[in-house]
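Undergrad: Residue strings, one per chain:
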Amino acid sequence: MTHEPFDTEAAAYALGALEGEQLARFETHLAEGCARCLAALREAGDMAVVLAADAAPAVPPTAVREALLRRVAAEASPARRQAESARWWTSWATAAAAAVLVAALGGLFVQGRYEPRLAALGRETAALKEELERQARALGQRQADAAIAQMLRDPATRVLTLRGAGPIPTAEARLLWQQEAGGWLVVTNLPPAGAGNAYELWTISGGRPTPAGVFNVDASGRATHRVEPVAQAVDVFAVTVEPEAGVAAPTGPIVLASR
Amino acid sequence: MAEAGADLIRRMAARDGAAFASFYDRYSPLAYGLILRIVGDRTDAADVLQEVFWEAWQAAASYDPARGTPEAWVVIRARARAIDRVRALRRRSRTFVEPVDEVSSDAAADPSGDVAERAVARTTVGSALGALPEAQREVIELAYWQGLTQTEIAERLKQPLGTVKTRMRLGLERLRAIVGGQGA
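Sequence lines, in order, name chains A and B.
Count along the first sequence from 1, add 54, and you get the number used in my numbering.
Count along the second sequence from 1, add 1, and you get the number used in my numbering.
Hints in this document: simulated from the structure, not taken from any laboratory.
No incorrect hints appear here.
Derived SDA-like pairs (lysine to any residue); straight-line CA-CA distance at most 25 Å:
(1) B:Lys-159 - A:Gly-74
(2) B:Lys-166 - A:Ala-93
(3) B:Lys-166 - A:Gln-76
(4) B:Lys-166 - A:Glu-97
(5) B:Lys-166 - A:His-83
(6) B:Lys-159 - A:Glu-75
(7) B:Lys-166 - A:Val-104
(8) B:Lys-166 - A:Ala-89
(9) B:Lys-166 - A:Ala-78
(10) B:Lys-166 - A:Arg-90
(11) B:Lys-166 - A:Ala-85
(12) B:Lys-166 - A:Arg-79
(13) B:Lys-166 - A:Phe-80
Pulled a few chain A residues facing chain B out of the computed Cβ check, cut under 7 Å:
(14) Ala-65
(15) Leu-92
(16) Leu-95
(17) Arg-96
(18) Met-101
(19) Ala-102
(20) Ala-109
(21) Ala-110
(22) Val-118
(23) Leu-122
(24) Val-126
Glycine included, each C-beta is placed from N, C-alpha and C at the ideal position.
With the hints as constraints, model all of the structure from the sequences given.
TA: In structure tokens, the structure reads:
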């Protein structure tokens with residue numbers, strides 16, 4: 055295709071003098087990105103400006119400017135407001151998302167930093183509690199031992215032996231007893247009562263059992279149990295297996311009994 | 002200056018009303034002078050001016066710096082709309098003045114034609130066009146100020162189309178040399 059026709063057509067095109075098939079052909083040619091014709095078009099545009107200088111510039115009526123700015127504002131403002139609103143929302147959403155992220159990371163950070171420490175403190179606390187309970191038990195045991203030693207020095211104290219009965223023949227217990235002051239039951243070789251169960255001591259007077267407290271044994275099968283004084287003379291002391299909360303009248307088998 | 006104009010058009014494409022106000026203030030005197038010269042009537046010229054700048058606002062996104070300067074963009078648009086207006090006025094006056102006899106209608110019988118003729122007559126001697134041979138200047142002026150196509154110019158001047166095309170091309174080449182010389 056020869057380029058010749060397009061050189062003049064760029065100028066004619068710039069002046070709007072092209073029409074019909076000529077115009078369509080040249081626009082297609084421009085759309086194909088012909089650098090030479092684009093240059094020619096720019097030149098023609100510059101000439102159009104030069105030719106326009108033939109007419110003296112004139113100050114347009116202010117009404118035109120006002121009318122245009124009104125129309126433009128009506129179209130520009132909502133779009134800009136929308137854009138600004140969108141920008142604001144985007145930045146707000148970004149900030150909110152960032153805040154959530156920071157909070158999440160902060161939480162993780164705090165958790166990550168302090169969780170081991172908290173766990174350690176928890177373990178320490180549990181150990182201390184256990185130690186305290188152990189010492190409390192030990193103290194209780196020492197107080198019980200002291201009370202028992204006191205009772206052993208007292209000539210008024212009776213020492214009763216309770217033997218294993220029924221299912222646990224090897225079990226044995228001593229009861230230090232004073233009718234007016236009560237006493238202490240010291241148990242050996244008694245196996246744990248089992249889940250949900252405990253041992254319950256009974257004072258039997260005239261054939262009627264009265265509850266005298268619930269106790270459990272330690273891992274070595276020992277127990278020291280305080281027994282409160284009772285009004286009537288006791289004929290027999292007996293221990294049964296009962297629910298751990300204790301019951302008013304014996305229901306389980308007798309494991310220990312005096313006499 | 003041209004770059005600043007292009008920036009304004011870019012901002013207009015982004016619906017920036019302030020950019021449009023600056024754009025209007027910069028280019029409206031040039032456009033209005035041109036439109037007034039072609040249309041001849043201040044009221045019509047003001048209408049056309051508003052039309053041109055409204056179009057510029059709407060078409061800002063399609064402005065392509067590769068195809069010309071912002072000034073050229075405005076001038077070409079202003080000229081095209083002014084010529085549209087003149088043609089519309091010409092058709093209307095023809096309808097009222099000479100509704101039947103279209104064959105006899107010529108520039109002398111056409112009030113709008115008078116305007117166009119006066120516009121051509123007003124071309125100053127000192128302008129770039131004044132430096133062209135009469136035959137070349139004539140076709141360019143008819144195309145530029147009256148918006149006649151090459152075919153219409155050929156009919157008007159009773160010259161072959163090829164002759165009109167040649168005169169226009171030679172005239173424009175000469176103008177380009179003058180404009181290029183001014184630019185250098």
